[in-house]
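Q: Sequence:
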Amino acid sequence: MTLNTNGVASDVTGKRILITGGASGIGAASALLLASRGAKVVIGDLAEEMGAAVAKQAQDAGNSIVFKKVDVTSGDDVRALFAFAMETLGGLDVVINNAGIDHNPAPMHELSDEDFDRNIAVNLKGVWHCMRAAVTCMAPDGGGHVINVASIAGLRSAPLLSAYSAAKHGVMGLTKSAAHEYARVNIRFNAVCPSFIDTPMVRNTMANMDERAQQATIKASPMRRLGDVDEVSGAIAWLASDESSFMNGHAFTIDGGMLA
Numbered sequence: 016m017t018l019n020t021n022g023v024a025s026d027v028t029g030k031r032i033l034i035t036g037g038a039s040g041i042g043a044a045s046a047l048l049l050a051s052r053g054a055k056v057v058i059g060d061l062a063e064e065m066g067a068a069v070a071k072q073a074q075d076a077g078n079s080i081v082f083k084k085v086d087v088t089s090g091d092d093v094r095a096l097f098a099f100a101m102e103t104l105g106g107l108d109v110v111i112n113n114a115g116i117d118h119n120p121a122p123m124h125e126l127s128d129e130d131f132d133r134n135i136a137v138n139l140k141g142v143w144h145c146m147r148a149a150v151t152c153m154a155p156d157g158g159g160h161v162i163n164v165a166s167i168a169g170l171r172s173a174p175l176l177s178a179y180s181a182a183k184h185g186v187m188g189l190t191k192s193a194a195h196e197y198a199r200v201n202i203r204f205n206a207v208c209p210s211f212i213d214t215p216m217v218r219n220t221m222a223n224m225d226e227r228a229q230q231a232t233i234k235a236s237p238m239r240r241l242g243d244v245d246e247v248s249g250a251i252a253w254l255a256s257d258e259s260s261f262m263n264g265h266a267f268t269i270d271g272g273m274l275a
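Its first residue numbered 16, the sequence shown is counted upward by one per residue in this note's numbering.
No wet-lab data here; the hints were simulated from the structure.
Since no wrong hints were added, every one of them can be taken at face value.
Below, in silico cross-link-like pairs of lysine-lysine (DSBU-like), each with a Cα-Cα straight-line distance of 30 Å or less: (1) 191 x 140; (2) 84 x 191; (3) 84 x 140; (4) 71 x 84; (5) 83 x 140; (6) 83 x 71; (7) 191 x 83.
Turn these sequences into a full structure, and let the hints steer you where they fit.
A: What follows is the structure, encoded as structure tokens:
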């Protein structure tokens with residue numbers, strides 16, 4: 016999906032953008048789209064080979080993506096990523112916090128401590144690490160825009176995915192609170208909340224469901240299909256542009272009508 020204004024694709028030319036979780040799925044699609052529209056992009060991810068491949072794909076097309084390995088559960092790692100991005104790009108206009116994991120579907124009482132703690136560490140605390148670093152970088156430089164990739168699971172119940180849902184509800188709390196706290200220094204915070212999108216993570220989650228549950232997941236959307244990563248990256252590209260300049264503290268659902 017490409018969001019247009021007067022028939023012209025959202026302009027991100029020259030935007031300096033950092034994306035976590037940029038090696039695959041929504042993060043990779045967003046990085047490639049933004050770079051193709053003239054943004055300068057740094058992507059961070061744990062998956063070195065995949066991240067390097069995304070950067071090479073962009074570079075082969077004459078676009079600008081640089082990869083750096085990062086573990087968002089480590090505050091030191093995140094600080095190093097942001098320092099690298101600041102040095103590489105000369106500043107940051109947009110940060111897209113996309114790194115995330117799932118867990119095998121299970122009733123809440125059957126989740127292990129390890130599954131729960133890992134979900135909170137990556138999907139919530141990892142986002143907080145990045146939001147904190149973004150403010151530190153952006154506030155002295157005139158501001159910027161932080162886009163958190165949350166989920167409709169952060170806006171409603173998510174049976175059998177309770178740890179994931181808890182983390183994404185937390186991301187929404189961080190997003191809305193930060194939107195109020197930092198508007199005074201011209202830093203905006205918004206969230207993108209997809210439903211089930213055809214990504215490696217979602218395919219992994221669905222692989223652990225039986226056939227009936229898989230079909231129920233697809234049919235839960237009024238559009239009776241999974242979303243495509245391009246349908247999310249297009250929305251992110253619009254948010255990353257100056258066209259979204261008065262949007263702050265908002266949750267953008269990309270869900271085929273599931274929450275309608």
